[in-house]
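Q: Sequence:
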Amino acid sequence: MSLLPIEKINTASPKVFVEAVNTLFEVAPPLAQKLLSARPFESYSQLIDYAESLCLGSTFSEQEKLDIINAHPRIGENKTNLSAMSLKEQGYSPQSTLSAEDQQVNDTLAKLNKAYEDKYGFKFVVFVAGRPRSQIIPVVQERIAANDRSKELETGLTDMMLIARDRLKKSTNENKL
Numbered sequence: 000m001s002l003l004p005i006e007k008i009n010t011a012s013p014k015v016f017v018e019a020v021n022t023l024f025e026v027a028p029p030l031a032q033k034l035l036s037a038r039p040f041e042s043y044s045q046l047i048d049y050a051e052s053l054c055l056g057s058t059f060s061e062q063e064k065l066d067i068i069n070a071h072p073r074i075g076e077n078k079t080n081l082s083a084m085s086l087k088e089q090g091y092s093p094q095s096t097l098s099a100e101d102q103q104v105n106d107t108l109a110k111l112n113k114a115y116e117d118k119y120g121f122k123f124v125v126f127v128a129g130r131p132r133s134q135i136i137p138v139v140q141e142r143i144a145a146n147d148r149s150k151e152l153e154t155g156l157t158d159m160m161l162i163a164r165d166r167l168k169k170s171t172n173e174n175k176l
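Residue numbering for the sequence shown is 0 to 176, as defined by numbering that gives the first Met the number 0.
Heads up, a few of these hints could be off.
Unchecked claim - Within a straight-line C-alpha distance of at most 30 Å, the following computed BS3-like cross-link-like pairs (lysine-lysine) qualify:
1) Lys33 x Lys122
2) Lys150 x Lys110
3) Lys33 x Lys169
4) Lys14 x Lys122
5) Lys169 x Lys150
6) Lys14 x Lys33
7) Lys7 x Lys168
8) Lys169 x Lys7
9) Lys150 x Lys33
10) Lys122 x Lys150
11) Lys14 x Lys169
12) Lys118 x Lys150
13) Lys122 x Lys168
14) Lys150 x Lys113
15) Lys122 x Lys110
16) Lys168 x Lys14
17) Lys168 x Lys150
18) Lys33 x Lys118
19) Lys7 x Lys33
20) Lys33 x Lys168
21) Lys122 x Lys169
As the list claims (entries may be wrong) - Computed spacing ranges between beta-carbons, pair by pair:
22) Thr171 x Gln102: 30 to 36 Å
23) Lys110 x Glu153: 20 to 26 Å
24) Ala128 x Gly56: 24 to 30 Å
25) Ser44 x Glu153: 44 to 50 Å
26) Val138 x Leu35: 31 to 37 Å
27) Lys150 x Thr171: 29 to 35 Å
28) Lys110 x Asp48: 31 to 37 Å
29) Pro13 x Glu100: 41 to 47 Å
30) Asp147 x Glu41: 16 to 22 Å
31) Glu100 x Leu3: 37 to 43 Å
32) Lys113 x Pro4: 38 to 44 Å
33) Glu6 x Glu153: 29 to 35 Å
34) Val138 x Arg38: 32 to 38 Å
If you're looking for bench data, these hints aren't it; they were derived computationally from the structure.
Beta carbons: idealized from backbone N, C-alpha and C, even for Gly.
With the hints as extra help, turn the sequences into a complete structure.
A: Below, the structure written as C-alpha cells:
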C-alpha cells in the first residue's frame with residue numbers, strides 16, 4: 000500500500016483523495032465525502048481522528064454508519080472479494096488454494112458472520128492485529144452473545160479506526176511518509 004503525502008492529498012482531485020481514503024477505510028462513500036469536504040488535514044493521523052469523531056458522534060445517520068461499517072469485507076471472506084490490505088490483514092497466504100483447515104475456519108466464520116448479521120443487521124468488523132482467522136472465531140461468538148446493537152455498532156466502527164491507523168502505520172513504515 001502506498002499513500003501520497005498528506006500535502007498532495009489535500010490539493011488532489013476528489014477522485015485521488017477518495018482513493019487514498021478508501022485505502023484506509025475501504026470504500027465508504029459517506030465517510031469519504033465528509034472527509035473530502037473537511038480538507039485540508041495536517042496529517043493522516045488527524046484525518047483518521049476526524050473520521051473517528053464523525054463515525055462515533057452524531058454527524059452520520061444510523062443508515063450512513065451502517066453503510067460505512069458494511070464497506071469492510073467479512074472476516075474469512077472469499078479471497079477474490081478482498082482488497083490487498085484485507086488479504087494481508089486476514090492472514091491469507093499467497094497460494095491460490097486454501098488448506099482444508101483454513102477452509103474449515105472460513106466455513107465456521109461464514110456461519111458466524113451470518114448469525115452476527117442476522118442479530119445486528121450489519122457486518123462484523125474486528126481489528127485482527129495479525130491474529131490468525133482461527134483466533135477470531137471466539138471473538139465473534141463473544142460479541143454475538145454479549146453486546147446490544149448500538150454498542151456493537153460503536154465497537155465495529157472503533158475497530159475500523161484501529162484498522163485505518165494500522166494501515167497508516169504500515170504505509171508510513173514502507174514509505175517514510
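Q: Each hint should be assessed against the structure and marked as holding or not.
A: Right, here's what the structure says about each hint:
no., hint, result
1, Lys33 x Lys122, "holds (22 Å)"
2, Lys150 x Lys110, "holds (22 Å)"
3, Lys33 x Lys169, "holds (24 Å)"
4, Lys14 x Lys122, "holds (26 Å)"
5, Lys169 x Lys150, "holds (29 Å)"
6, Lys14 x Lys33, "holds (14 Å)"
7, Lys7 x Lys168, "holds (18 Å)"
8, Lys169 x Lys7, "holds (19 Å)"
9, Lys150 x Lys33, "holds (23 Å)"
10, Lys122 x Lys150, "holds (14 Å)"
11, Lys14 x Lys169, "holds (23 Å)"
12, Lys118 x Lys150, "holds (13 Å)"
13, Lys122 x Lys168, "holds (25 Å)"
14, Lys150 x Lys113, "holds (19 Å)"
15, Lys122 x Lys110, "holds (12 Å)"
16, Lys168 x Lys14, "holds (23 Å)"
17, Lys168 x Lys150, "holds (27 Å)"
18, Lys33 x Lys118, "holds (29 Å)"
19, Lys7 x Lys33, "holds (18 Å)"
20, Lys33 x Lys168, "holds (23 Å)"
21, Lys122 x Lys169, "holds (24 Å)"
22, Thr171 x Gln102: 30 to 36 Å, "holds (35 Å)"
23, Lys110 x Glu153: 20 to 26 Å, "holds (25 Å)"
24, Ala128 x Gly56: 24 to 30 Å, "holds (25 Å)"
25, Ser44 x Glu153: 44 to 50 Å, "violated (21 Å)"
26, Val138 x Leu35: 31 to 37 Å, "holds (33 Å)"
27, Lys150 x Thr171: 29 to 35 Å, "holds (32 Å)"
28, Lys110 x Asp48: 31 to 37 Å, "holds (36 Å)"
29, Pro13 x Glu100: 41 to 47 Å, "holds (44 Å)"
30, Asp147 x Glu41: 16 to 22 Å, "violated (36 Å)"
31, Glu100 x Leu3: 37 to 43 Å, "holds (39 Å)"
32, Lys113 x Pro4: 38 to 44 Å, "holds (41 Å)"
33, Glu6 x Glu153: 29 to 35 Å, "holds (33 Å)"
34, Val138 x Arg38: 32 to 38 Å, "holds (35 Å)"
In this structure, the earlier hints numbered 25, 30 are contradicted, and the remaining ones agree with it.
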